[in-house]
Structures are given as structure tokens and as C-alpha cells.
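**Student:** Chains W and F supply the protein sequences, listed in that same order.
For the first sequence, position 93 matches number 93 in the working numbering, and the numbering has no gaps at all.
Each position in the second sequence, counted from 1, maps to that position plus 1000 in the working numbering.
None of these hints come from the bench; they were simulated from the model.
Some clues are possibly wrong.
Stated by the list, open to error - Think about it this way: if two alpha-carbon atoms lie no more than 30 Å apart in a straight line, the pair counts; the simulated DSSO-like pairs of lysine-lysine are:
(1) K1071/F to K1056/F
(2) K1005/F to K1054/F
(3) K57/W to K1056/F
(4) K1100/F to K1005/F
(5) K1110/F to K57/W
(6) K57/W to K1005/F
(7) K1071/F to K1005/F
(8) K57/W to K15/W
(9) K1071/F to K1110/F
(10) K1100/F to K11/W
(11) K1056/F to K1110/F
(12) K1054/F to K1068/F
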Amino acid sequence: GAGVSQSPSNKVTEKGKDVELRCDPISGHTALYWYRQRLGQGLEFLIYFQGNSAPDKSGLPSDRFSAERTGESVSTLTIQRTQQEDSAVYLCASSFVEARGTQYFGPGTRLLVL
Amino acid sequence: DQQVKQNSPSLSVQEGRISILNCDYTNSMFDYFLWYKKYPAEGPTFLISISSIKDKNEDGRFTVFLNKSAKHLSLHIVPSQPGDSAVYFCAARAGRGTYKYIFGTGTRLKVLA
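Just chain W, with the same shape it has in the complex:
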């Protein structure tokens, strides 16, 4: 398919373990975003990548969270030493720079930390 894909779709982990979430953006999209949606809440900005520019990490909630992107392709969001409050749906989106604001979202990864 040509859309944004994310894996895994669901992840259950134990408190204290590390998890890695993956996002495959739409080919050619230079901008990539990660958001978190906790139960009953809105989308919370985490980080965005734009081409070769330095990423905007201002939304990462703690130093346990990190993200990488290789060029304009795959991105991974890593959460170290997971806590129960990390349980949420993690959404990835990508966009062309020129298509102002039109982000294409993946289906999300539902993370449950026990």
C-alpha cells in the first residue's frame, strides 16, 4: 500500500523493558511526525523530522524517549525503561513540505505497559 505504515500494531510489555516502534512514511514525504494519544485525550506532539534539518524534539516527555530517522525513510521511536504511564497509542504521520498541514497518519501502535 502507499500509506503510512506502523509496526507493531499492538505491543504489550512489562514495566522497565525497552520498546521500539517503527514508522514507514509515504515515499517522498520529507516531514515525519510522532504523536502520542493517551486514553480519552488528544494527540500530543512528540517529535518531528524535516529533511536533513535537526529534529524538533521539544515534545518528548523525558529522556527515556528518543527517535531516529534515516534520511527521508523509516523512523523508529524508542522508549527505554517503560513506565505504565507510557501506555498509549503512538501515531506517526508524514507529509510533503509543500502540502501545508496535510499530514497522513498511520494506524498507530497501541502500547500497553503492565
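We have chain W already, so just place chain F on it with the hints.
**Tutor:** Below, chain F alone, put in the same frame as chain W:
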């Protein structure tokens, strides 16, 4: 500090009638606004947008109104259809030159057949 607020968590509307979803924001630097629709187990999909230099944008059954002085925008859906039942998020761009968007908490719309 919720900069984009959707104060109605849910809304029910009869099929064929108008649905009005509201959104308030606090920062006058926000310059571009969008509405997204989200079905369960799917990511949000873009619906309609409006620049801060306009006060209205229309696309088929969907119209977005922006009142900058009140820092308020609304999405009108007319006529509402059962397939419109979803969660609607408004989002605001944090300012010219940034790609950071602030999302509201969403309003769940249910269109009754």
C-alpha cells in the same frame, strides 16, 4: 496548558441535520487550522483546513469558520450522514515557519439514522 480546546467531548445529531463542532485556541500566533476525522483503530485523516487570513472555507458538505478575534473555529457538516460518525480533532499550526501542530482532545460525533 491546553492551547487548543474542544470543550464538547461528544455530540449526537439526527441524520440530515447540521452538525456543528467547536474549537477554541489561546495563542494568537497560530496561523493555520485543520480538522481531522478519526475512525476507531485508524489514524486521523485530513478533512479541511483554513488559513488565518480567511474566515471561511467550504468543501462540499464541510465548512470551517474562523473567528480570529474570539480565537474560535467551528466545523459545520450539512447534511450529516451516519458515515460521518467519528472523532473529530481540530489542530492549529504553532506559527509561521514551524511544522508543529497542536491538537485538541477531540469531539465524538454520532449521527443517528
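**Student:** So which of the earlier hints does this model not fit?
**Tutor:** The structure breaks hints 3 and 5; every other hint is satisfied.
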